[in-house]
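Taken in order, these protein sequences are the chains called E and A.
Going letter by letter, the first sequence gives residues 1 to 973 in the working numbering.
Going letter by letter, the second sequence gives residues 1001 to 1317 in the working numbering.
Any given hint might turn out to be false.
[Stated by the list, open to error] With the Cβ distance kept under 7 Å, some of the chain A side facing chain E (calculated, not the full set):
no. : residue
1   : M1001
2   : Y1007
3   : P1010
4   : V1013
5   : Y1023
6   : V1038
7   : G1102
8   : Q1104
9   : V1105
10  : V1108
11  : V1187
12  : Y1265
13  : A1267
14  : T1268
[Unchecked claim] Going by beta-carbon spacing under 7 Å, a handful of chain E positions derived as facing chain A:
no. : residue
15  : P19
16  : P56
17  : N58
18  : I61
19  : K129
20  : R756
21  : K849
22  : Q909
23  : D910
In case anyone wonders, no lab produced these hints; they're calculated from the structure.
For clarity, every value in this text was computed on a predicted model and none was experimentally measured.
The beta-carbon is built from N, C-alpha and C at its ideal position, and this holds for glycine as well.
Each chain is listed here by its residues.
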Amino acid sequence: MPTLRMNVNGQPVEVDVVPDAFLAHVLRYRLGLTGTKIGCEEAECGACTVLIDGQPVNSCIFPALKAHGTRVVTIEGLSNGELHPLQQAFVEWGAVQCGFCTPGVIMVAKALLDRSPAPTEEAIRAALKDTYCRCGCYLEMVDAILVASGQAPRHTAINGHPPASPKALRAVGRPLPRPDAVAKVTGQAKYTDDYAFPNMLYGATLRSAYPHARLVRVETHRAKALPGVHAVLTAEDIPGEKHHGLMFDDWPVLCYDKVRYVGDAIAIVAADTPEIARRALELIDVEYDPLPVVTTPQEALAPGAPKVHGGGNLLKHIKVRKGDVEAGFAEADVIVERDYHTPMYEHAFLEPECAIARVAEDGRIEVIVGSQIPYEDRRQIARSLGVPEDHVRVKGAFVGGGFGGKEDIAGQIHAALLARATGQPVKILYSRQESLRVHPKRHATWIRVRLGATRDGRLVAAEVDILGDAGAYASLSDKVMTRAATHAAGPYDIPHVRVDCYTAYTNNPPAGAFRGFGVTQSAFAIESTLDVMAHELGRDPLELRLRNALRPGATTSTGQVLRESVGLVSCLEHVGHHLRSEQGPEWWHPFPNPDDPARVRAWGLAACYKNTGLGGGAPDWGSAEVEVLEDGRAVVRTAAAEIGQGLPAVLAIIVAEELGIPYEHIEVALPDTDTTPDGGPTTASRQTYINGNAARMAAQRVRDILAWAACEALGAPQAELVFRDGLITARGRAMAVGEAARMALEAGRRPVARARFEAPPTQPLGQGGDMHVGFSFGVQAALVEVDTRTGEVAVLKVVNAHDIGRAINMLGLLGQIRGGIIMGIGNALTEEYPVDEGIPFCTTLSRYKMPSIRHAPEIITFLVEDELPSGPYGAKGVGEIASIPTAAAVANAVYHAVGIRVTKTPLDQDWLLRALRGQQGTPSAKPRHHGGHQGHQGNEEHAVPQRGPKDVPFLPGQTRGTDAHNEFGRRQA
Amino acid sequence: MPKWKAYHRPQHVQEALATLAHYQGRARIVAGGTDLFVELLNAPAPFEALVDITAIPELRTVRRDGPWIVVGSAVTHAEIVASPLIRRHGTALAEGCSVIGGPQVRNVATLGGNVVHALPAADGTIALLALDAEAQVASSGAGRRWIPLSHLFLGPGQSAVDATREVLTALRFRATAEREASAFGRVMRPQGVALPILAVAVAVRLDASGQGIERARVSLGPVAPVPFRSRRAEARLRGAPTSPDTYRQAAEAALEECSPRTSRYRATREYREEMITTLLPRVVEVAVARARGEAWARPRLEAVDHFSSFGAWRAPS
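With the sequences and hints as input, model every part of the structure.
Written out as structure tokens, the structure is:
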């Protein structure tokens, strides 16, 4: 083997490497410098960026031998005991979420500052052009780099600092850095692939060559005979349950009779090296008998369609009924109907799936995995191993993004099977290409919306038909599509609603949870239709929404009467006020880019709501444990998964608030099914609400123990004790909490408590009552610019207001909102996962474009803290809401800019330009003041025959200044 | 079982050629590798050995040689963008190279790699075509020879340079002189593969009055199986007055001989055709303005914008 000599972080290094080694591999697996991450191995994502002789390069496909004689600097080389100014600024300005991109981003920024000590925002954006952050903290990165270079932040600061909530308490509502931020900016945070064990083997998975086929024969002899191979397993080697699934056990751990999509696993291998494991896969002979491919849900539900599973292809028919839609439409003066389509989307979390399993000293199976549901993983692993659940231990690691895509099983069961078979630790790490092929996606949907309103702007009836592509396995399709259906009429009080949602099996990759959980799709449809209706009625789209918005006392489509914490009106008012002050009363009118009139700008807006918690009658609970140590620090333990969303900060803040312990003194443990109680799934925007409550209850119990221990020494009754600044004080005397903890221990009571929070009961769909414990609300207005020469669309600014109940950590909250909006821009403009005859187009990350820093607009956020009484300090969920309305806001803005109604995401500039050229009359290459609602001549390609508007001639200006409009105007004035 | 059994880093071109000869077709040249490694990693049987030419000092220089600007084939995109010689005398090339990837890729990817990859839409290559570049190819038997760049392209991804036997050593073009300038522009789409929907490069020479075009070279991609020079557009520009009408006619002429394809997930033929009529006149206009020394048309190589096509320039007010 050739010898590679280089200088790494100031130290000479000499290491023998294989000739085809890449630098990232040598750094990570030979030198243990795991701060350098590998996200794609295509030089696409930038996570692997290191400096070579001062220049940033993607080390994932940089030949190691090419680094011979160079100076290499990795994230570990940046800090010498204390943080580099960039690292410090990334921590303080919230430029870190899941943290997987962070080392690469910081290295790019380092090279930039070395060359240009005070870069402009434009230069920062240019430098980070191809360094992706899926959490979307681009604006925070800009600020952090500006601050680190001695400049003023531009996006996150109020009076030079990140803002606090007006309702802030000691810790709650403050902008606090994440507890794990320092570990993430220094490269010390360990993600699953950063762990290694002696004698560890490497697993690999044989995937199906066909989207639908009968498996005739699987022959593994040749693979088993390959030197270095320790095990080759097929379905018959599974000791327990041969299927897994989050709701239905329909997903084969290893396929045995047939394959249903190209990500299906047929055999698994454990070998001495990943290369041998992959080679072994090539030696497995599989004979397939290809079957006809079911490519769409329409096809799946057609008579005589091939069956994906034993039963019919219909996975679920979901019905939402409220009032009498026939009567409602009879009452309507205007009825509009439109069809929409949203394709599959890919999570593209930057950390590909990884699991490591080993047989522990006590004979149990231990699995390290960055999962969204550690206890559910344990259940599914144990079932397939055929052992009781407590014979499996699942330990969490840092998770490089999930967004719903790490709820289903990936390699967890496979790694456990291989570890059990070999007795050695086994790591299964998916390549980016395997990740793209295997894990469930966002459901593709086809949605028809029919909406009726009276001439004065009252929505009276809505009918929505949804068809969702569930793909090959059920995953969470039932729940996702239920959420799509229940939210399909939007956050409006419409007396008559009918929704029918069908989801069917196909031979496409399975669809499952993805931030927004079905509501992303139905919100695009209903919010686009709301604007169509506003146009037909000649009304301000904001006013139409305000008029019909859910308010306390209103009833949702499922019959839930909302009692409190319904901040939608306030959200609409905030955004409306901003729009009118910036743009004037007719805020939707288009206007040209002053430098380039062929680019036309306009605003568009959309509203949405999203449940917090599982709801629908599902028991929803989570547990947390809080312990105060003798040194005055506290530890929070829960298996509630942190996937970047900021839960550790939320839990630490709540415990800090309750115990009066400084925030920095609170540690939040990683999930571990042996030592941390079940927090339930990280899904449904539920963790702040559920486990925030659990941590708060546990902290209150610990406080009681400490008070019990301290009251005698302080000579005061427990009720008089004040917990503050790490002290317990009463009657002029004080004691450190650590001291009280020591006294409690001495007295035989360990200052530790567990609490289980159970959400108030909910009702299943169809039974009325409270289907959910609460809802968050959001309103977003997007300013877009359409280049009428090319059809290109850019989002320049997003003004938004969200009712999230109560801000717990302002830094994390803003990060979730902005990151959600940027992901929403991805839905609107950049992302799509096409599948053709069961074969995905996006076989590489280069074929799937998530938003880059170039797509990050200016974002102006208003918070509405309309507290939910059962939430911790009134908090509701924020994880999903901000990603939901963006695409519709963008589509509505495009309509206002150029008069073209976008009915399919992502917006295709090719289509848009052709639509523009097809417009009747007006030359489209010039900005037009089409008046938003008057005389529009748009060529709406996907429009279906409309009823209503043709019968109702519209007189320009007639309905301006209606009561609702004026009421709103007055309120704002 | 490594993907390749040896990774050579020769110091001289002769050494590279000798190494290739030793492997008799089972080794190939690699430079930056930002495209090639991704391909090789997914290829069933790549090469026995790779011969990395980026350590050959001669191939890493940009220099002036009489009328020529000579760019070593292993010069990176970042070095091209930073080169005052190229910015001044081959502006379109600096612009074309500035839009490829991010800094990490531009620090590694080479101009020679861009050319040998032979994609019909390669930004650097399109720019070189408009600069009427020549390529120098070294082989064991035939020594070194300069050949017109356009002779290198056999089809999409197919280069006349046999990377298992030859080395592309340099590219050269005539430095732009008085009343001459070049420009580059492209239209991207935000979804899918980061290749241009259309890239256009133009080099012009104005007449003494500055009001007429003495000659022009126009290249486009992807509008044909290989990077394409539009002789008809050039003919239409030659001797014509500098006016929007002229530029529009040039685009129409280009349309007559271009045959852009509809590619699924990328763009329709109709869209690409419209982009020719949209982008080409604009790039000619910028090149003409540059040849006249108009400030608004100066290249802004560090600029980013929400748009790829027109963002780098602000129209004259």
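Verification of the hints:
1. M1001: Result: holds, 6 Å to nearest chain E Cβ.
2. Y1007: Holds: closest Cβ of chain E sits about 4 Å from Y1007 (chain A), inside 7 Å.
3. P1010: Violated, because the Cβ-Cβ distance from P1010 (chain A) to chain E comes to roughly 12 Å (cut-off 7 Å).
4. V1013: violated, 18 Å
5. Y1023: violated, 13 Å
6. V1038: holds, 5 Å
7. G1102: holds, 3 Å
8. Q1104: This interface hint holds because 5 Å falls under the 7 Å limit.
9. V1105: holds, 6 Å
10. V1108: At about 5 Å, which falls below the 7 Å cut-off, the nearest Cβ of chain E leaves the hint on V1108 (chain A) intact, so it holds.
11. V1187: Holds - the Cβ of V1187 (chain A) comes within 7 Å of chain E, reaching about 6 Å at its closest.
12. Y1265: Cβ of Y1265 (chain A) sits 6 Å from chain E, so the hint holds.
13. A1267: At about 5 Å, which falls below the 7 Å cut-off, the nearest Cβ of chain E leaves the hint on A1267 (chain A) intact, so it holds.
14. T1268: holds, 6 Å
15. P19: holds, 4 Å
16. P56: At 5 Å from the nearest chain A Cβ, P56 (chain E) passes the 7 Å test, so the hint holds.
17. N58: holds, 5 Å
18. I61: Hint on I61 (chain E): holds, closest Cβ of chain A at ~4 Å, below 7 Å.
19. K129: holds, 4 Å
20. R756: violated, 45 Å
21. K849: With Cβ-Cβ at 6 Å, under 7 Å, it holds.
22. Q909: Given a least distance of 6 Å, the restraint on Q909 (chain E) holds.
23. D910: holds, 4 Å
Going down the numbered hints, you'll see the structure goes against 3, 4, 5 and 20, while the others check out.
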